[in-house]
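A.B. asks: Take a look at the letters that make up each chain.
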Amino acid sequence: MIETLSVNVSGQGLHDITKSVSDLVSSMTSSNDREGLCTLFIQHTSASLLIQENYDPAVCHDLEAWLKRLVPEDEALYTHTQEGPDDMPAHIKSALTAVSLSIPILDSQLALGTWQGIFLWEHRHHRGKRKIVVHLV
Amino acid sequence: MIETLSVNVSGQGLHDITKSVSDLVSSMTSSNDREGLCTLFIQHTSASLLIQENYDPAVCHDLEAWLKRLVPEDEALYTHTQEGPDDMPAHIKSALTAVSLSIPILDSQLALGTWQGIFLWEHRHHRGKRKIVVHLV
Amino acid sequence: MIETLSVNVSGQGLHDITKSVSDLVSSMTSSNDREGLCTLFIQHTSASLLIQENYDPAVCHDLEAWLKRLVPEDEALYTHTQEGPDDMPAHIKSALTAVSLSIPILDSQLALGTWQGIFLWEHRHHRGKRKIVVHLV
Numbered sequence: 032m033i034e035t036l037s038v039n040v041s042g043q044g045l046h047d048i049t050k051s052v053s054d055l056v057s058s059m060t061s062s063n064d065r066e067g068l069c070t071l072f073i074q075h076t077s078a079s080l081l082i083q084e085n086y087d088p089a090v091c092h093d094l095e096a097w098l099k100r101l102v103p104e105d106e107a108l109y110t111h112t113q114e115g116p117d118d119m120p121a122h123i124k125s126a127l128t129a130v131s132l133s134i135p136i137l138d139s140q141l142a143l144g145t146w147q148g149i150f151l152w153e154h155r156h157h158r159g160k161r162k163i164v165v166h167l168v
Numbered sequence: 032m033i034e035t036l037s038v039n040v041s042g043q044g045l046h047d048i049t050k051s052v053s054d055l056v057s058s059m060t061s062s063n064d065r066e067g068l069c070t071l072f073i074q075h076t077s078a079s080l081l082i083q084e085n086y087d088p089a090v091c092h093d094l095e096a097w098l099k100r101l102v103p104e105d106e107a108l109y110t111h112t113q114e115g116p117d118d119m120p121a122h123i124k125s126a127l128t129a130v131s132l133s134i135p136i137l138d139s140q141l142a143l144g145t146w147q148g149i150f151l152w153e154h155r156h157h158r159g160k161r162k163i164v165v166h167l168v
Numbered sequence: 032m033i034e035t036l037s038v039n040v041s042g043q044g045l046h047d048i049t050k051s052v053s054d055l056v057s058s059m060t061s062s063n064d065r066e067g068l069c070t071l072f073i074q075h076t077s078a079s080l081l082i083q084e085n086y087d088p089a090v091c092h093d094l095e096a097w098l099k100r101l102v103p104e105d106e107a108l109y110t111h112t113q114e115g116p117d118d119m120p121a122h123i124k125s126a127l128t129a130v131s132l133s134i135p136i137l138d139s140q141l142a143l144g145t146w147q148g149i150f151l152w153e154h155r156h157h158r159g160k161r162k163i164v165v166h167l168v
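Residue numbers (our numbering), protein chains in the order written: chain Y, 32 to 168; chain E, 32 to 168; chain D, 32 to 168.
Since the hints were made in silico from the structure, they are not lab data.
This list has only true hints and no planted wrong ones.
Each pair may be met inside one copy or between any two copies, as identical chains are not told apart.
Computed list of lysine-lysine pairs in DSS-like fashion (alpha-carbon distance at most 30 Å, straight line): (1) K162 - K50; (2) K99 - K160; (3) K99 - K50.
Chain Y extracted, bound-state conformation (with noise of 0.2 Å):
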């Protein structure tokens, strides 16, 4: 019923991680289970999940920089500057996008639209492992 999905980053941007929850929900069910509802939950606050396009990468890109722009890392603007001047910014990222999501099952699969990708984003620089609880009901 819950699994936990540990994902390696490779510093910030959108990491699509579709293969691996679809995977790990494959070996959760049986193929009795048609129908379900999985939910995805990350354990951090300086990353994110997003569901978007996974065919053109220059989406990716665009999104990254475009949230980039909208958040600077600019210590003039934040007093939490401690752990370094992409952590507040970081914050701020995961606050505008999603900590949890739901995903319904269909036919034993997840139910995602024909170009839609599973992502984590990752917001800030450094590489390192990411947890997701992943719930199926």
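Place chains E and D on chain Y using the hints.
C.D. replies: Frame of chain Y, contents of chains E and D only:
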């Protein structure tokens, strides 16, 4: 447990779908199902879901105008431009708003607040159909 | 399965409700309910839900200041003005943040990350009560 709602959109802006969702939920439940959870998931990356005030139409107008100013149709800002000047802004607007929403059911009805309505927020100019998957538990 | 949480807000800003939610979830579950999903739904259109860092209060301060700058109380921008200069900005801020959140339950506890707290984000100036519907499955 799962149904798909097809919504005709007349163009960019907020479309009130409260009655459609509410009617669908009634058709999916019996009078014994007094409590539950209704999850909506929109299968698109350039339209989103919103719960907002449905009393004064000026609220919808101002929301639309504000978001348009925040995310302008200015091709110089974007590299993903081949699908038209409204496409990349539509992806950004979707990223800033909700792809899934979960609304509790109380006394066999959606537990919306007094002034809350459910809207499909179309971010592209075209007329057409959008699909929302509705899951009940 | 469903309870309503009433939260007293002292005015605009982030109110930490982690303990209230956690206590309510404990009262709704038995020690046998080790896994589940807790969904929060706020019944208002000018306040929202947020999961954010609850360690350094400067994070909350900067989030509030940043969003205020993005969505100013400037009546010239809005046509919906009869409910006061803070009303339309409050609707916009709500649209950019979450009306519902789903948090998995693991080992009979909310599966929050180490630094994650749950906040009610009040976007209006007034003191008063806000209602959150809490659904458990």
